[in-house]
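J.: Chain A is fixed; fit chains B, C and D onto it per the hints.
There are 4 protein chains.
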Amino acid sequence: MKKIAVFTSGGDAPGMNACIRAVVRTAMYYGIEVYGIRRGYNGMIAGDIYQMTSHSVSNIIQRGGTILKSARSKEFMTKEGRQKAFEQLQKFGIEGLVAIGGNGTFTGATIFYDEYGIPTVGAPGTIDNDLYGTDYTIGYDTAVNTALEAIDKIRDTADSHDRVFFIEVMGRDSGYIAIQSGIAGGAEIVMVPEVLTPISEVVETLKQGWNRSKSSSIIVVAEGDEEGNAAEVAEKIKSRVEIDIDIRVTTLGHIQRGGIPTAYDRILASRLGLGAVEGLMNDHKNVMVGIIHNEIVYTPFRDTIRLPKPINEDMLRMVKILST
Amino acid sequence: MKKIAVFTSGGDAPGMNACIRAVVRTAMYYGIEVYGIRRGYNGMIAGDIYQMTSHSVSNIIQRGGTILKSARSKEFMTKEGRQKAFEQLQKFGIEGLVAIGGNGTFTGATIFYDEYGIPTVGAPGTIDNDLYGTDYTIGYDTAVNTALEAIDKIRDTADSHDRVFFIEVMGRDSGYIAIQSGIAGGAEIVMVPEVLTPISEVVETLKQGWNRSKSSSIIVVAEGDEEGNAAEVAEKIKSRVEIDIDIRVTTLGHIQRGGIPTAYDRILASRLGLGAVEGLMNDHKNVMVGIIHNEIVYTPFRDTIRLPKPINEDMLRMVKILST
Amino acid sequence: MKKIAVFTSGGDAPGMNACIRAVVRTAMYYGIEVYGIRRGYNGMIAGDIYQMTSHSVSNIIQRGGTILKSARSKEFMTKEGRQKAFEQLQKFGIEGLVAIGGNGTFTGATIFYDEYGIPTVGAPGTIDNDLYGTDYTIGYDTAVNTALEAIDKIRDTADSHDRVFFIEVMGRDSGYIAIQSGIAGGAEIVMVPEVLTPISEVVETLKQGWNRSKSSSIIVVAEGDEEGNAAEVAEKIKSRVEIDIDIRVTTLGHIQRGGIPTAYDRILASRLGLGAVEGLMNDHKNVMVGIIHNEIVYTPFRDTIRLPKPINEDMLRMVKILST
Amino acid sequence: MKKIAVFTSGGDAPGMNACIRAVVRTAMYYGIEVYGIRRGYNGMIAGDIYQMTSHSVSNIIQRGGTILKSARSKEFMTKEGRQKAFEQLQKFGIEGLVAIGGNGTFTGATIFYDEYGIPTVGAPGTIDNDLYGTDYTIGYDTAVNTALEAIDKIRDTADSHDRVFFIEVMGRDSGYIAIQSGIAGGAEIVMVPEVLTPISEVVETLKQGWNRSKSSSIIVVAEGDEEGNAAEVAEKIKSRVEIDIDIRVTTLGHIQRGGIPTAYDRILASRLGLGAVEGLMNDHKNVMVGIIHNEIVYTPFRDTIRLPKPINEDMLRMVKILST
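Residue numbers (our numbering), protein chains in the order written: chain A, 3 to 326; chain B, 3 to 326; chain C, 3 to 326; chain D, 3 to 326.
Quick caveat, the hints were computed from the structure, so don't treat them as lab data.
The model shown is predicted, which means the values in this text are computed figures rather than measured ones.
All C-beta atoms in this analysis are idealised placements derived from N, C-alpha and C, irrespective of residue type, glycine included.
Treat the hints with care, since some could be wrong.
Unchecked claim - Each pair of labels, with its calculated beta carbon distance range:
id, chain 1, residue 1, chain 2, residue 2, range
1, B, Lys209, D, Tyr32, 21 to 27 Å
2, D, Glu228, A, Gly33, 44 to 50 Å
3, A, Gly33, C, Asn231, 33 to 39 Å
Bound conformation, chain A alone:
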């Protein structure tokens, strides 16, 4: 393998730049030429491709977002789009790809390989931590800490005013951010998509707290919770709880995607970037590089796409015990 390219695709996540840096520096270290593709598959189709060197990635390890920009591409879902993309890669002589993104990105890469034989190694870049094949994904630790900082701030106000706060965090299909930020934030209840928390149970917990004169509470709700988003859940509670509780709702929103990556995310991203390049060198294809139990592993895209990543139900048990 003499020439490879790297791109970011799907939602951006803190640590993507650290991963790009590791891909570029590792390639340089092994004497491989490395190219950057801007705006994901869109840039691949448009030929928005440039050669990168060590200097290209100086002083980016600490930056949120992605210097290669990211996008979702409808055109790459068409045969014509992929044909153009292949021609562009041919033009530059690119023989392998590192794709930093999630399952949408990996699905595209699989089809592309079947059609044109260009191998891709994926790196899991998403704040949701919902990818099978790795303990953690790039951006997840930062997102949890961002959510936690927000919860800490809100608790100041909740305590000062004896309020109950419903805080909605990201996680469409996954309760990872909710559970970790909830435990770390000392939440009384955490509601996640994977496990139903009945409204009656929430009402009961609030009433018990009230009777113990626990006057303020934090309830963390994942955006994909079965009972609805935080505002909907709060409405249901308000209509059921008979005591005079001051209930507020806040949705953390897009701040969870950005920010300076934590040490954990930078190191994870660096290891995965290095592992992705070494994976390509060792003829891996259609696999995602991950870290499980502190070891680099390569998992086929078909598994990362097909298999669910269960949450640790012990964690939900812990929320209950610690809010005693």
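T.: Only chains B, C and D this time, still in chain A's reference frame:
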């Protein structure tokens, strides 16, 4: 004056604890007994009052919220409520009050003085910075920095995806937080209640940016903007702009009220707490202590309540120049 | 087991409060009475012991330091001291202990058990991450992020002035903080006690960088490095490098011990606190609770004390590759 | 004025990039061509000069350091050096300069004007806040908050171990950082170069605290204190205090120069950058732009160089009262 009491009232703001600490320590320094009243006027009515010492305020200067808790009181708006409050203060022998809060609090204190002759010196505690009689209010600098951190994070995502973000910050009647966080965050446009920004102007600015291939933009909207909240403004823009811009909306919400106070807020709060006690000692009553041009000043409550605090329109001019 | 006590001992670490909270809440959950002992073994000897409830640990999960205070105890190293300690525990009817600390603490607990039969489960509380029997210790993730924030700030200055900075981080016998903060901070070289980095190699790397016109560099040095502390290493380099490099030294010092714990540390501390109480309930004694590969494990004190915790040499290889 | 140039000189300070951005954008707004000079006067002599546009300063407002790099220049202190610098400026047709730095920079600019008639407007960029002619300098608010964060962390440890900490902050000739970070950090004593704090007074305060069972203390020492640096002061105290106090020393060092600028510093820097360009347009020369009582003012370099900036002694009085 031998015995005074301190309380916080209205919305909590970072730095209130630093102010409480300064009130307590200053009173101790001058040999005055000092009491804390919990939950504002509600606690005054209920007699939720306790003696404070230097130890009571150890290690609180860095904490958000208020250790005395805060509340809005309907009962204090009744004659019966105030009668009860007076009786409680009598019981403890309290001769003067320091009220940390805003105009609602000061209005109550004025009526209370007219009826019972207990003097109050107010300290401006509100993140909105909308009080006449002081350059800055306690909590404002922290709120601006909290909003700014959020804007910084969102810009990472905006840049990575070439998006336009409408970010709603707090400020029902006041654009202070919007303007300062907008300038500091490099916003292209800032919309405030005090000055109408026509939708057509926003559309024009976005189009011009688009033509200069400025692909991402941040628009900060104060919650009290005349054109509506951020979601409403964004809707209007979407229907008018003909180009294919990816527009997102986020509302920062309650995180702006909490958090560790900045150096500025802690120092301001400390100076005002000291100034409030010295004000009571010098027979000030029905006044708010403030800092104007770095000097302590006392402004009658009737002026802080009656007079508007204009924003600096030079700042709006600066937004325009700096987004060139 | 009806009554247990918890204490912190040795150097404080962020997350100790989260661990205390988990111990207290878990004990309450299982109907066990729980006591807090202040200032470690000193307080045990002095009888500085009080009953704790859910309220005692409200709103402490986010605080650095330890509400139970910590100390090293010479008196507990004497037979008389331990005799007094035992009498105090007898007085309160305490049947088991949770000790949050390091190997010094665990050694004391082992002797104490041999003499008086009071079982202890330990929880690893130290920023150094140098304890065998757990992947990570309480406080380590926070310390790494604190060091990293400092490195980020210093890089701003290093870049602006084309300087080489030697940054000394904590870790007397262990390079964990140095390696993780060094990789995450994009350091060109990391010097740790476990592996000798010859001065000549550092000089060579700096010269190579200079020749590639890489004008600024960060070198992270663990305080226990064989070549000396950061100032000593910098002196050796200065005298050997012939080119005109502007070399500066900074020692991060005590800031690394404090601060708001990260999400990771709060969750780790919570799990370990819960695991410690459940360990005592299941008749564990003279063991440290740890987490290895995301599972709770109990390791005998004799092993945590005797066995070294090796650093991952792959990480040192990564530093070299990524500074290409 | 058709063409101007901007440069940074002396020690870097957070907010310098925000100032550069404002200079560039304001010049563009008024139709003036603007150039950046790298590495201060050194780059001026070497002709390391390039044209800047709005894009050159995109996304830098939040970055510490300076994208134009900074240096102290010995060559500019020679007649030959300045001759070369003039020739370079001639080559580019540059008619006016904006210099972001301190008194060393302004002295050079004054001599340069006398010799070659190129006018300079200075902007005060230094974390020390020791410049006459402005209430605050660029970088000062960030440095104070950085020192404060460190003090907050150290207090966690001080409290947990009942220790006395001597913390040295920057400020060779100026106690500004020490006083503000000391008050905000709740320090018991602040030692500054401007006012002698006798060792005996420090000893007395520590003993009194000890007698009131105030077991931990923070003493902030400016690096330029007359009694010596923090380590020296601590030594003197140790030998004089007879009680068994655990005394530690930490020097914050270079972290105080870097970091993401606060809202205050970004706004101040933006206003000063705008004011500097408008100053040149209005034929100002050999002046520093500053903000006093929230108004833009221009002060002759000869005054900023000659006149001292006194600290507010009321602040020292406040330290004493608040540590009661």
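J.: Now tell me, hint by hint, if it's right for this structure.
T.: Checked hints:
1. B:Lys209 to D:Tyr32: 21 to 27 Å: Given range 21 to 27 Å: holds, Cβ gap about 23 Å.
2. D:Glu228 to A:Gly33: 44 to 50 Å: violated (59 Å)
3. A:Gly33 to C:Asn231: 33 to 39 Å: holds (37 Å)
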